[in-house]
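Required output: the full structure, derived from the provided sequences and hints.
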Amino acid sequence: MDILLAIAIMALGAVVLGALLGFASVKFKVKGDPLIEKIEAILPQTQCGQCGYPGCKPYAEAIANGDEINKCPPGGIEGVQRLADLLGREVKPLDAEEKPKQIAIIDENTCIGCTLCIQACPVDAIVGAAKQMHTIVAQQCTGCELCLPPCPVECISMQVIGENIDNWKWKYPVVEIKSEMRKAAAMKAAA
Amino acid sequence: MLMNLFKFKGGVKPPTNKTQSVNLPIAQAPLPSRLVVPLHQSIGGMPQPVVEAGDKVLKGQLIGEADGWISAAVHAPTSGTVVEVAMHVQPHPSGLDALCVVIEPDGKDEWIPREPVDYKSLPPEEVRERLQQAGVVGLGGAVFPTHGKLTASKTVPMDELIINGAECEPFITCDDLLMRERAEEVVRGIGIFRDLLQPKKVLIGIEDNKPEAAAAMRLAVQALGESFAVVQVPTLYPAGGAKQLIRVLTGKEVPASKRSTDLGVQCFNVATAYTAWRAIAHGEPVVSRLVTVTGNVHEPRNYEVLIGTPMDELLKLAHPHPDTDGIIMGGPMMGFLVPDRQVPVVKATNCLIAHDDRLFPPKAPEMPCIRCGACAQACPHELQPFEMYWFSRAKNFGKTQEYNIFDCIECGCCSYVCPSRIPLVQYFRFAKSEIWAREREKNAADQAKLRFEFKQLREEREKAEKAEKLAKAAAAQAAKKAAEAVAAAAAAGESGAAPAADTAAAPAVATPTDAPTATVNPEKEAKRATIEAAMARAKAQREAVQPKNVDNLSPEQLKAAADIEARRIAAHLIEPQPADQTAPLDPNN
Amino acid sequence: MFPPAPFLLKDVSVSQVMIQVCVALIPGIAAYASLVGPAILVQLVIATLAALVAEALMLKVRGKPLALFLTDGSAIVTAWLIALTFPPLAPWWLVVTGTVFAVIVAKHLYGGLGQNPFNPAMVAFAVCIVAFPALMSQWPSVGLQLGLIDQMNIILGWAPRVDTLTGATPLDAMKTALKLGEGSFDVSTLLANQDIYGNFAGRGWEWVAGGYLLGGLWLWHRKLITWHVPLAFVASLSLISGALWLYNPGQFASPLFHLLSGGTMLGAFFIATDPVSGCTTPRGKLIFGAGCGLLAYIIRVFGGYPDGVAFAVLLMNLSAPLIDLLTQPPIFGMKDKS
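Chains as they are written, first to last, in the working numbering: chain A, 1 to 191; chain B, 192 to 780; chain C, 781 to 1118.
Calculated from the structure, these hints are not laboratory results. Any given hint could turn out to be false.
Here are the in silico distance ranges between beta carbons for each label pair [claimed, not checked]:
| id | chain 1 | residue 1 | chain 2 | residue 2 | range |
| --- | --- | --- | --- | --- | --- |
| 1 | B | GLU593 | A | ASN109 | 14 to 24 Å |
| 2 | B | THR342 | C | GLN895 | 45 to 55 Å |
| 3 | C | ASP1116 | A | ASP85 | 51 to 61 Å |
| 4 | A | MET158 | B | LYS311 | 54 to 64 Å |
Computed from a predicted model, the values in this text were never measured in an experiment. The C-beta atom is built at its ideal place from N, Cα and C for all residues, glycine as well.
Dropping the structure here:
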């Protein structure tokens, strides 16, 4: 009898808890996959396809499904680090060489106005019309290099964005105690 | 006038070192061998050069045109020839280049025709416009275009106009000398600001270590019959910070997230008021400013210096000691060592300090933070610098923002008091510029994403449109077929007793070879024709219902088509396809 | 790279801070020495040497510049606090063990200067009182007058440790008497026994406490500590002891007794004010100090240890980060918003 009672209680408990769980899974269902969005927020949105996926979102989905996190050269090692932090995975060296940030420049004398680069540009950063010279809107260029291969006259080149007063950053204050002391000692010796 | 002063928390009292440079009156610095005038000398848009190499310019002639509302024009500081418009090293901690107009003086110092105006006869907008065109910017060091600060908030009444003559940084005395010697013009300049902003009262704050300046200002205020209050505030660095002075004089605290006009208060530097007066009442744009030259020199003094004067030429006037190993631009608390002694004096240059190890001993090695809290007690913005340091050092920038890093005014009080000699401000500058860079990157990424998604959307839409057109074409074709079938069925019905082989909807059936077979079994053949006609009717019905674009064809058209088809079929024409008729609809097909 | 602004720096350093803390301890040490004899000076020397050796060893192991960190004085402050909280006639190895443990485990294993979550001196005290409870409870007995040589001999273990030499502190003695006497003693009669308890806190301990108070006030005057922690410490201890004393003066000693005995003054001004392991916000400091005072009273009156300051400080050290997080002061211009 006792056994039956125990079983009944356990069964009842299971039913109640199961119902609760079921209710919760419906009530608090998370729409979409927030993980993919978080991953995508880390990706640099160059849409360059260097990862082998057609854009950043597909790569974000692939990462969420277990793909490697080191396939995004524009994101750099810092991007890999942030992805590793987010996903709790191991930091891996970048799959390809890390390049400095750059933008595409059209040599306007060579351009024949074929519109092929305009079609290739993933972010519509190139303006121009058929048989008209094209130019690149520098602020919108992500430096993805996708416009390079289609150009029949090779008039597009990549230019590294150098440091200027507007984008200059204060450096991390490194005060090496040892070198400072050596310097002080050297100065004393000189005096 | 007795006034209730407020206090701000924190602050430090470094040795002021001001007495060295106040003994001599202001001197006019001689014309330098050449002038390098940077185009970007104010916050906001980068002015566009309007001169080219080889141009002759007169003193005060426009050489850089303001770009946008928050931007200020730049003028030739003297008459001469433009040698080049090129990149030169800037007086900026980065040591990077920026676009400058290089002028070789002709020695005549010849002005353009100046247009003095009575500002009271001008509408306020035009006064602001003139200030912008004259390149008047905040000369306290922030170089924010002054005209941009001369509009009162629409919702908050303007209570106080604060004029900043506190000059709290050690060594600097240019505002002190300006007030001593040119108080009248300063007060007249304040009058312009007062008339534009219409505040309830005007308070001129001067640190109490400058009694001569305060006396001169009082005298000038009295002489001009103004009601401005000259208030001596306690000497405590950084009492000359705009937010601190506002707090001391009004008790109002302006956080980083608000503009001071939102609290009904606005603040200008005394030198700004002076240049505003010169610009309006004398038609002279800002081509020079007062610069304190002090530090490790024989003869510390204040000079009226043309903008663009190379710093080493200016420093030579004060006879620097031979062991001078650098030039600090600005004060010792917030200034920086210039990257090159050749860099020009700009509108933000209020002081040059010859640097040597005796005046500024090299920093002792940095020790770990012991959380003593001295920085928090010294911080005039009541921040927790040691916490911000911790997170800046760990590059945990989100946390630094939680500790309000953007309220930090980089006054340097925390670094000054730190017993571990941690360059705290430097960590905060680093964290701030990293956060800004990330913000820029994030905005760029967001934009790129948006544009990419839009492009995808557009491509999909184009694809969909194409598909629709194709579908339309197909439907039109089908409609034709349907019409044919209907006609064929009708024809079959008409022929009645002779439903011969030629009635078939399927063209293959209607070949002449069918005729002999038809004769083989006429009964069977007739039955087959009826069945086929019925199938064709059903098919026609089905197709007539399915595509919507058949609606486009009017009944007359349908009927005409059917008639033609019927005739053609009747005339034994094979393969009556209407393809050529639909072709004009979609040339891309 | 150019040195960044500010170019002017105040003439302060960590070693200056630490030296001033040591200077502030001198009045208390002087009173202590006049009370128990030169033994305490011997202990100070032993602890200092042990701390410096341990510090040098750890700096070497961790690859830090020896000269810079050895002269910062933090190890000396730790050593002095240990010497002042341990019984003055404790054997030398006990003091050395405590000091070495404090420097190596409580300080350097957590990252060295500025990184230790717990006050190293209090960690040493706690570890030793748990590991060697008997030795840590042997205080010089009533009217003990021994010369330097005799005391040295005891400390160094060359003379036998005789029970008559040592006894309990007034705090301990009172607790034991009240517990064992089962009502046959009350506080006022106990305190009337001037031989043991002196005027307020027994046998001149009040003078030592007064010395610490004096040094602490000087530290406050020098702005090396703020008033928050000591005041909150003293106030909360006075409040709870005062309340219980008013409730039953026969069972509970007066606030004055509690303030002037044991480690109250040393704790309030020198130990709980340690910025590394304590709270840093003004409100946090008040909570921290009040918590220390309250816990110290509870432990010393109702707990199993003769004095509760060490454990109170350690417990509050534990909660300091949370208190700091929850008591961040409003910043300039954001005060009207809660």
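Evaluation of the provided hints:
1. B:GLU593 with A:ASN109: 14 to 24 Å: 53 Å, violated
2. B:THR342 with C:GLN895: 45 to 55 Å: Roughly 51 Å apart at Cβ, these two residues keep to the hinted range, so it holds.
3. C:ASP1116 with A:ASP85: 51 to 61 Å: About 37 Å separates the Cβ atoms of ASP1116 of chain C and ASP85 of chain A, which means 51 to 61 Å is violated.
4. A:MET158 with B:LYS311: 54 to 64 Å: With a Cβ separation near 58 Å, MET158 of chain A and LYS311 of chain B satisfy 54 to 64 Å, so the hint holds.
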